[in-house]
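Student: Read off the chains here:
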Amino acid sequence: MSAVVENELKEDNHHGPAAGIGRWLFTTNHKDIGSMYLWFSFAMFLVGGCMALTIRAELFQPGLQMMEPGFFNQMTTMHGLIMVFGAVMPAFVGLANWLIPMMIGAPDMALPRMNNWSFWILPFAFTMLLSTLFMEGGAPNFGWTFYAPLSTTYAPPSVTFFIFGVHMMGVSSIMGAINVIATILNMRAPGMSYMKMPLFVWTWLITAFLLIAVMPVLAGVVTMMLMDIHFGTSFFNAAGGGDPVLFQHVFWFFGHPEVYIMILPAFGVVSQIIPTFSRKKLFGYHSMVWATSSIALLSFLVWAHHMFTVGIPLMGELFFMYATMLIAVPTGVKVFNWVATMFKGSITFETPMLFSIAFVILFSIGGFSGLMLAIAPSDFQYHDTYFVVAHFHYVLVPGAIFGIFAAVYYWLPKWCGNMYSETLGKAHFWLSFVGMNLAFFPMHFLGLAGMPRRIPDYALQFADFNWISSIGAFMFGFTQLLFLYIVIHTIRSGKKATAAVWESAEGLEWTIPSPAPYHTFTTPPEVK
Amino acid sequence: MRMLRLVGFRSATFLWTRLRWVISVFLLVFVSSSHAEYGVNMTPGVTDISQSVYSLHMIIFWICVVIGIVVFSVMFWSMFKYRKSQGAVPAKFHESTTVEVIWTLIPIIILVAMAVPATSTLKEMYDVTESDIDIKITGYQWKWQYEYINDDVSFFSNLSTPQDQINNEATKGEHYLLEVDEPLVIPINKKIRFLVTANDVIHSWWVPAFAVKKDAIPGFINEAWTKVNEPGIYRGQCAELCGKDHGFMPIVVKAVEEPEYQAWLAAKQEKAKAEALLSSQVWSMEDLMTKGEAVYNTNCAACHQQNGEGIPPAFPGLKGSAIAVGPVEAHIDIVVNGKPGSAMQAFAAQLSDVDLAAVITYERNAWGNNTGESVSPQDIANAKGN
Chain G
8 MSAVVENELK EDNHHGPAAG IGRWLFTTNH KDIGSMYLWF SFAMFLVGGC MALTIRAELF
68 QPGLQMMEPG FFNQMTTMHG LIMVFGAVMP AFVGLANWLI PMMIGAPDMA LPRMNNWSFW
128 ILPFAFTMLL STLFMEGGAP NFGWTFYAPL STTYAPPSVT FFIFGVHMMG VSSIMGAINV
188 IATILNMRAP GMSYMKMPLF VWTWLITAFL LIAVMPVLAG VVTMMLMDIH FGTSFFNAAG
248 GGDPVLFQHV FWFFGHPEVY IMILPAFGVV SQIIPTFSRK KLFGYHSMVW ATSSIALLSF
308 LVWAHHMFTV GIPLMGELFF MYATMLIAVP TGVKVFNWVA TMFKGSITFE TPMLFSIAFV
368 ILFSIGGFSG LMLAIAPSDF QYHDTYFVVA HFHYVLVPGA IFGIFAAVYY WLPKWCGNMY
428 SETLGKAHFW LSFVGMNLAF FPMHFLGLAG MPRRIPDYAL QFADFNWISS IGAFMFGFTQ
488 LLFLYIVIHT IRSGKKATAA VWESAEGLEW TIPSPAPYHT FTTPPEVK
Chain B
110 MRMLRLVGFR SATFLWTRLR WVISVFLLVF VSSSHAEYGV NMTPGVTDIS QSVYSLHMII
170 FWICVVIGIV VFSVMFWSMF KYRKSQGAVP AKFHESTTVE VIWTLIPIII LVAMAVPATS
230 TLKEMYDVTE SDIDIKITGY QWKWQYEYIN DDVSFFSNLS TPQDQINNEA TKGEHYLLEV
290 DEPLVIPINK KIRFLVTAND VIHSWWVPAF AVKKDAIPGF INEAWTKVNE PGIYRGQCAE
350 LCGKDHGFMP IVVKAVEEPE YQAWLAAKQE KAKAEALLSS QVWSMEDLMT KGEAVYNTNC
410 AACHQQNGEG IPPAFPGLKG SAIAVGPVEA HIDIVVNGKP GSAMQAFAAQ LSDVDLAAVI
470 TYERNAWGNN TGESVSPQDI ANAKGN
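Protein chains in written order, with this note's numbering: chain G, 8 to 535; chain B, 110 to 495.
No lab work stands behind these hints, which were simulated from the structure alone.
Beta carbons: idealized from backbone N, C-alpha and C, even for Gly.
Among these hints, one or two may not hold up.
Label pairs and their calculated CB-CB ranges [stated by the list, open to error]:
hint	chain 1	residue 1	chain 2	residue 2	range
1	G	W124	B	I443	28 to 38 Å
2	B	Q415	G	M322	48 to 58 Å
3	B	E256	G	W124	51 to 61 Å
4	B	P422	G	W474	45 to 55 Å
For lysine to any residue, the following SDA-like pairs were computed, each having C-alpha atoms within a straight-line distance of at most 25 Å [stated by the list, open to error]:
hint	chain 1	residue 1	chain 2	residue 2
5	G	K203	B	F202
6	B	K448	G	K203
7	G	K433	B	D260
8	B	K448	G	T240
9	B	K245	G	G248
10	B	K245	G	P320
11	B	K336	G	G318
12	B	K336	B	D260
Please model the entire structure based on the sequences and the hints provided.
Tutor: Okay, structure coming up:
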């Protein structure tokens, strides 16, 4: 009996990918699934980006030029939903799939068949979400935060499809998170203790716990909406004894950890890249793990800082203000550690490093505005203005998205075996950097000067900065086509990369050949 | 060649990133001191509270600037000094508990120092006791209602920017999108308490010059207060996404001296009495149509559109619709009582009987709906009576 099993295993070790479309439909290989996640998220990034450019085109000048206000609201809503759930989250799951097994010396993810399923739910969920654009009454138009009762009593009929879509995304995320946890807990190579794991693995482990904790809460809140809309309950309807503010409490109990879900893996990526190009070990590994865990724990205690204006009692207001300010401490520790890693290193500036350095600086700026937003009395002036829009785009674009770009440039040679063009990579970086700052920096001024968010038209004193912002947005948006070209060009015809790829990269993934074979670490490596 | 290119890029990184930071700091400083009206920084406002909020904002801003300069200087200096191309050899250290403790403690101290003034300002903002005047503010899709609950005065405040300015068919005025037909009027140096609620979805009442932003939540009443130091006209906007015309429901507050306020209040009460008398008059079709068109454009056109074609399916057209050309009783009913669960509000309490009669008459005879029927204020009163 055992001989048969061994034989089969041996067979398995030798077979490569299946031929044709079946390879992608039925694959259980973490590398294939990782690639599909990454391509899918890039497609969604372009779709969500087109919506962003539609918004910026309308806001280029005061007055209504291109669309009805109702359609504008559909664009802001869909842009947010698609970027959060379709672009950023799947991209990190894609990176997790590719990298976690290779980093901990495992042959694959722990639950490969579930891995396939959690990916293949996504195209259906997003096809359904996007199809609402063509429905009578239009797509969801109540903002990505979908506050009741605008999203219940006053919602377009397509809200039901939106709810079902969110459920599907939630199922996919939860399965992905279970898989990450099961893999990291059970499949580390001998000698790979927790405190030897690369930081990317650590940050993903913590992210996965956050996902499992909060995605069911999101599922709960949309189900309550569904009940209110179709089954006559009144969770969020004051006329029936409910409370619209309850919606916000439940939503932000999901929503705040969600923003850390979108940034913690990027912290991990940057913590891998900065030491490599500084040719020096990461400073304060232990404190990095400690800081990431504290950020994750605190993220459950700060949700109402999104709701300072809803009229929560003074004591509540004070508690959430203090708790939120506290998050600055572990976040600061991380930034200081990255800088200390660069200090007295031997630094070069390849594309992944440029994106990582920009990440540290620009994410810090987003952190500063976050600290300002935490001060409840001032938040009354910032809340729901462009200052908030500037803040979260500074943590998401040069935070999450630059983190993803850095990761792709850093590991692409390992994935496809070819080196990208450093010149084109740097061009991509500089154009993105300038475009992104032009698009989002003026939004700080707009918000402080009093421009509310989510409006299709604005008073004349806001015209100049909106104009600049739109130019920057188009610059950033079109630059991403260059990124697509760079990746395709690298896969097809880049120079061959070595196994180590980088001069001083450390970690198990650099011990295997480039491109990484279809099956890696079928025999676990020994970690000293 | 490759080295050369790398050097070029590196110094460019250094210069540009630092330059950008310097520019942005410079802009904020420059603007906060001399060009406040250009709108790059928060307004210090015209109340004691708004001034404390402004100084909190500036303190935390400068703390962030100083931290940023320190951290980024070390970073840029490292990038400059420890370049591999300059032969830098990496050091071996990678841990120091002392350093970690220091840079955990220092931020905590700074944060505690920040929390103290923030707490006292917040406490003041929450003290709504001992008000001189109470005003109930109700958010509607997409207008504000103000009720002076002790003085029997109540009115709606609608956007007054003409549609053709919004559609770029006319030159935009100075206060484009920040002007209303009837502003809220309050006396200076009096503590005004606002009771904020909403009729349909969540809105948020925001006047930057007062540092007051409070969500208007259907079914609940929030409290806020202000005490304005200087007479003037202060403008704000709805700050919570509330549907299609969220960007088109501004707030205008006129703060005046006490005598002027009393005069305004008396005039307002007189006018209400006069309007009550109007409903007992007999109205000609022509007068109803003229008045009706004005009422329609202010209250109905946002959804049903000026041409009566609406934006189906959310906002049905009235041109040739079953209700507008069908039995008059059903038409009066839907305008007076609204349609629950839809954006169609009950206008019984929003418009006078004359206005209701006029607008219904207008809807039944405009855009080719030539029913020839007119509705009198008495018809409305009768329908309400039932």
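Student: Take a quick look at whether K433(G) and D260(B) sit within 25 Å of each other, Cα to Cα.
Tutor: Status violated; Cα separation ~68 Å.
Student: The hint says 51 to 61 Å between E256(B) and W124(G); measuring C-beta to C-beta, is that right?
Tutor: 57 Å, holds
Student: Has the given pair, K336(B) with G318(G), been kept, meaning a C-alpha gap of at most 25 Å?
Tutor: 19 Å, holds
Student: Is K245(B) within 25 Å of P320(G), Cα to Cα?
Tutor: Since the Cα atoms of K245(B) and P320(G) sit roughly 20 Å apart, the hinted pair holds (cutoff 25 Å).
Student: For K336(B) and D260(B), compute the direct alpha-carbon distance and say whether it is at most 25 Å.
Tutor: Holds, because 19 Å separates the two Cα atoms, which is no more than 25 Å.
Student: Does the hinted range 45 to 55 Å hold for P422(B) and W474(G) at CB?
Tutor: 35 Å, violated
Student: Given the range 28 to 38 Å, decide if the beta-carbon distance of W124(G) to I443(B) lies inside it.
Tutor: 50 Å, violated
Student: Taking 25 Å as the top limit, are the C-alpha atoms of K448(B) and K203(G) close enough?
Tutor: Distance of about 64 Å is beyond 25 Å: violated.
Student: Take a quick look at whether K203(G) and F202(B) sit within 25 Å of each other, Cα to Cα.
Tutor: 17 Å, holds
Student: Mind checking the alpha carbons of K245(B) and G248(G) for me, to see if they're no more than 25 Å apart?
Tutor: 22 Å, holds
Student: Do the beta carbons of Q415(B) and M322(G) sit within 48 to 58 Å of each other?
Tutor: Given a distance of about 50 Å, which is inside 48 to 58 Å, the answer is holds.
Student: Take a quick look at whether K448(B) and T240(G) sit within 25 Å of each other, Cα to Cα.
Tutor: 19 Å, holds
In the structure shown, a violation is registered for the earlier hints numbered 1, 4, 6, 7, in ascending order.
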